[in-house]
Amino acid sequence: AQSVTQPDIHITVSEGASLELRCNYSYGATPYLFWYVQSPGQGLQLLLKYFSGDTLVQGIKGFEAEFKRSQSSFNLRKPSVHWSDAAEYFCAVGPYGGATNKLIFGTGTLLAVQP
Amino acid sequence: KAGVTQTPRYLIKTRGQQVTLSCSPISGHRSVSWYQQTPGQGLQFLFEYFSETQRNKGNFPGRFSGRQFSNSRSEMNVSTLELGDSALYLCASSLTRVSTEAFFGQGTRLTVV
Numbered sequence: 017a018q019s020v021t022q023p024d025i026h027i028t029v030s031e032g033a034s035l036e037l038r039c040n041y042s043y044g045a046t047p048y049l050f051w052y053v054q055s056p057g058q059g060l061q062l063l064l065k066y067f068s069g070d071t072l073v074q075g076i077k078g079f080e081a082e083f084k085r086s087q088s089s090f091n092l093r094k095p096s097v098h099w100s101d102a103a104e105y106f107c108a109v110g111p112y113g114g115a116t117n118k119l120i121f122g123t124g125t126l127l128a129v130q131p
Numbered sequence: 004k005a006g007v008t009q010t011p012r013y014l015i016k017t018r019g020q021q022v023t024l025s026c027s028p029i030s031g032h033r034s035v036s037w038y039q040q041t042p043g044q045g046l047q048f049l050f051e052y053f054s055e056t057q058r059n060k061g062n063f064p065g066r067f068s069g070r071q072f073s074n075s076r077s078e079m080n081v082s083t084l085e086l087g088d089s090a091l092y093l094c095a096s097s098l099t100r101v102s103t104e105a106f107f108g109q110g111t112r113l114t115v116v
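Here the protein sequences come in this chain order: A and B. Residue 98 in the numbering used here sits at position 82 of the first sequence; the count goes up by one each step and never skips. Residue 79 in the numbering used here sits at position 76 of the second sequence; the count goes up by one each step and never skips.
Derived from the structure by calculation, the hints contain no laboratory data. Treat the hints with care, since some could be wrong.
[As the list claims (entries may be wrong)] Which chain B residues face chain A? A few, computed with CB under 10 Å, are given here: (1) G6; (2) G61; (3) F63; (4) F67; (5) S68; (6) F72; (7) N74; (8) A105; (9) G108; (10) L113; (11) V116.
[What the hints assert, rightly or not] Output of the computed footprint for chain B on chain A, the stretches with three or more beta carbons under 8 Å from beta carbons of chain B: (12) 61–72; (13) 87–96.
[Stated by the list, open to error] For each label pair, taking beta carbons as the anchor points, the in silico distance ranges come out as: (14) A:A33 - B:R100: 16 to 24 Å; (15) B:P42 - A:G78: 26 to 34 Å; (16) B:P42 - A:S42: 19 to 27 Å; (17) A:P23 - B:Q44: 41 to 49 Å; (18) B:G19 - A:I76: 38 to 46 Å; (19) B:G31 - A:G69: 20 to 28 Å; (20) B:G87 - A:H98: 22 to 30 Å.
Quick caveat, the model's predicted, so the values are computed rather than measured. Note that beta-carbon positions come from the ideal geometry of N, C-alpha and C, so glycine has one too.
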């Protein structure tokens with residue numbers, strides 16, 4: 017069955033420090049992969065996505081993610097975190113070639129940024 | 004271009020009642036998906052509509068239903084509300100039946116008392 021694992025429930029980093037959020041997926045083929053961010057009480061905003069091609073993808077707000085097929089991972093990174101990055105981050109997988117837009121989400125990682 | 008609009012933003016209902024939530028997708032988008040978000044279960048897929056037809060359904064009881072209109076607007080209904088139905092309900096809009104991006108609304112916060 018398809019699944020997404022985000023091992024870190026909560027992460028605290030200092031402002032200006034680098035960030036890496038982990039995501040592992042289980043899927044029968046190469047999936048579509050996404051990272052979304054959610055601020056308290058808000059909907060989800062797409063940060064970046066991977067479908068094929070270059071395994072390092074750039075997103076909005078200075079985020080990037082790298083797809084590693086051998087590790088079934090799609091980790092999110094940012095070189096220097098800003099206080100406004102404090103939010104919850106969700107990794108998601110979508111079916112490739114299937115006639116659906118259904119997404120399977122990980123449980124999320126809550127990011128706190130300390131001054 | 005307007006985003007995805009969900010109404011109402013907040014709802015308080017009593018156990019046993021029913022509720023209807025509305026989602027207006029981005030103009031030109033024909034696919035609408037619904038998700039339930041709770042602290043315990045996270046984000047779970049409810050159902051997906053395209054061209055007024057339900058294309059996919061998650062593992063939820065029959066009390067949860069939905070529909071899509073010819074203008075792509077969608078509604079979901081929950082009957083005989085239970086306390087456990089308290090959640091943030093999110094609607095996602097996509098251009099076609101298989102899209103590379105889903106745009107989410109701000110959600111409807113349902114509280115069942």
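Here is what the structure says about each hint:
At about 9 Å, the closest approach between the beta carbon of B:G6 and any beta carbon in chain A falls short of 10 Å, and the interface hint on this residue holds. At about 8 Å, the closest approach between the beta carbon of B:G61 and any beta carbon in chain A falls short of 10 Å, and the interface hint on this residue holds. Checking B:F63 against chain A by beta carbon gives a least distance of about 13 Å; that is not within 10 Å, so the hint is violated. Residue-level restraint check for B:F67 is violated (minimum Cβ-Cβ distance to chain A is 15 Å; threshold 10 Å).
Interface hint at B:S68: violated, since its Cβ lies 17 Å from the closest Cβ of chain A, which is beyond the 10 Å cut-off. At about 18 Å, the closest approach between the beta carbon of B:F72 and any beta carbon in chain A exceeds 10 Å, and the interface hint on this residue is violated. The beta carbon of B:N74 comes no nearer than 19 Å to any beta carbon in chain A, farther than 10 Å, and the hint placing it at the interface is violated. Because the beta carbon of B:A105 sits about 6 Å from the nearest beta carbon in chain A, less than 10 Å, this interface hint is met.
Satisfaction of the interface hint for B:G108 is found here, the shortest Cβ-Cβ separation to chain A being roughly 5 Å, below the 10 Å cut-off. With a cut of 10 Å, the hint placing B:L113 at the interface with chain A is violated, because the nearest CB-to-CB distance is about 13 Å. Of the supplied interface hints, the one on B:V116 is violated, with its beta-carbon coming no nearer than about 19 Å to a beta-carbon of chain A, more than 10 Å. Only residues whose C-beta sits within less than 8 Å of a C-beta in chain B count toward coverage, and the region 61–72 of chain A has 4 of them, enough to reach three; the restraint holds.
Counting residues of the region 87–96 of chain A whose CB lies closer than 8 Å to any CB of chain B gives 0, which falls below the minimum of 3, so the coverage claim is violated. At roughly 42 Å, the beta carbons of A:A33 and B:R100 sit outside the given window of 16 to 24 Å. Between B:P42 and A:G78 the beta carbon distance is about 29 Å. The supplied range of 26 to 34 Å therefore holds. Taking 19 to 27 Å as the suggested C-beta distance range, the pair B:P42 and A:S42 conforms, at roughly 23 Å.
A hinted range of 41 to 49 Å is violated for the C-beta pair A:P23 and B:Q44, which are about 18 Å apart. Checked against the given bound of 38 to 46 Å, the beta carbons of B:G19 and A:I76, roughly 43 Å apart, stay inside it. The hinted window of 20 to 28 Å between B:G31 and A:G69 holds, with their beta carbons roughly 26 Å apart. Take B:G87 and A:H98: their Cβ atoms lie about 37 Å apart, and the range 22 to 30 Å is violated.
Of the numbered hints stated above, those contradicted by the structure are hints 3, 4, 5, 6, 7, 10, 11, 13, 14, 17 and 20, listed in ascending order.
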